[in-house]
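Engineer: Taken in sequence, the protein lines are chains Y and S.
Heads up, the first sequence is in my numbering, so the first residue is 1 and it goes up one at a time.
Heads up, the second sequence is in my numbering, so the first residue is 1 and it goes up one at a time.
Think of the hints as simulated: they come from the structure by calculation, not from any bench.
Quick reminder that beta carbons are idealized off the backbone N, C-alpha and C, glycines included.
A hint or two may mislead.
Just some of the chain S residues that point at chain Y, by a computed CB distance under 8 Å [stated by the list, open to error]: (1) V47; (2) G51; (3) L56; (4) T70; (5) L130; (6) G131; (7) Q143.
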Amino acid sequence: MNFDEILTKVLEIAEFPAQKRQEFINTFYEYLYMRMVSEIREADEESADKVMEANSQKANAKKLKQTFGEISQNPKVKAKIDGVTDEVIAKLVDDVAEYATDEQKQKILTAISS
Amino acid sequence: MAEGQEVPDQEGDAGSQNSQSESPLGPSDAQRDAKENLADKVDDNKVEAAGHKGGLKAAFAARLNSWHETLLRIQEEEYERVQRRESDVSNRLSSKVEAGQLHGKESIQVLIQPFREIESIAIKRGPLLLGAVMVGALRDRLQPKPQMPKAPPSAK
Numbered sequence: 001m002n003f004d005e006i007l008t009k010v011l012e013i014a015e016f017p018a019q020k021r022q023e024f025i026n027t028f029y030e031y032l033y034m035r036m037v038s039e040i041r042e043a044d045e046e047s048a049d050k051v052m053e054a055n056s057q058k059a060n061a062k063k064l065k066q067t068f069g070e071i072s073q074n075p076k077v078k079a080k081i082d083g084v085t086d087e088v089i090a091k092l093v094d095d096v097a098e099y100a101t102d103e104q105k106q107k108i109l110t111a112i113s114s
Numbered sequence: 001m002a003e004g005q006e007v008p009d010q011e012g013d014a015g016s017q018n019s020q021s022e023s024p025l026g027p028s029d030a031q032r033d034a035k036e037n038l039a040d041k042v043d044d045n046k047v048e049a050a051g052h053k054g055g056l057k058a059a060f061a062a063r064l065n066s067w068h069e070t071l072l073r074i075q076e077e078e079y080e081r082v083q084r085r086e087s088d089v090s091n092r093l094s095s096k097v098e099a100g101q102l103h104g105k106e107s108i109q110v111l112i113q114p115f116r117e118i119e120s121i122a123i124k125r126g127p128l129l130l131g132a133v134m135v136g137a138l139r140d141r142l143q144p145k146p147q148m149p150k151a152p153p154s155a156k
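Take the sequences, apply the hints, and build the full model.
Structural biologist: Take a look at the structure:
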């Protein structure tokens, strides 16, 4: 299962309105992207510029992945990328752990195990 | 977010306090961090209130709202920071911002598409995808932890 499929399944189990599920997933990516650029900038301004520039040139996934590969040669930048990814996902998972019913948690565990 | 809930408006207070001591060049990293931490705390309080009232569905709705609000703030800050920088790259980016090519919801939607496609964002993890990070975190938090067997009562 890729991330989109997992998150869609979790949203279904949460009974999140079907017409808002895609907005939730899109906004997650936008939020993670902007948080990442902002955090990278704190470690290295030029690396953040490279990511923004790659995107501004409508880079494809391969080019953007290459850019991330280049900038993460800097250990501080790599730590920021990993840190913000873990933090954003952890917050989402915290929400599930705190507010899902036992039945919803069981359904989620079953879904990700299939 | 669930309707009708009341959350203290700490964010506004923090904004006015910080803006008083900002230099003309913009907030320092420490000021920005403090403001972000407080904004995160307020967001978490809103999600918590919604979650307690309406369960996971309401918590997710509040989380979505908080992402929208944070996105707007970060976008503004990022473009201000880019515009303040004196470099070839930032000059090119600034001109795109001024031309309306890098600002606003629609342009961000276009920009994140390749980012979304690569999925493997945590570079050090190599082939491990964002989905795998999510699955690992869910299993870790949701699976019941095995209970430690009780120690037998000590013989007296």
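Engineer: All hints are to be evaluated individually against the structure, with a verdict given for each.
Structural biologist: Hint check:
no.: 1; hint: V47; verdict: holds, 6 Å
no.: 2; hint: G51; verdict: holds, 4 Å
no.: 3; hint: L56; verdict: holds, 4 Å
no.: 4; hint: T70; verdict: holds, 6 Å
no.: 5; hint: L130; verdict: holds, 4 Å
no.: 6; hint: G131; verdict: holds, 4 Å
no.: 7; hint: Q143; verdict: holds, 6 Å
Consistency note: the structure conflicts with none of the earlier hints.
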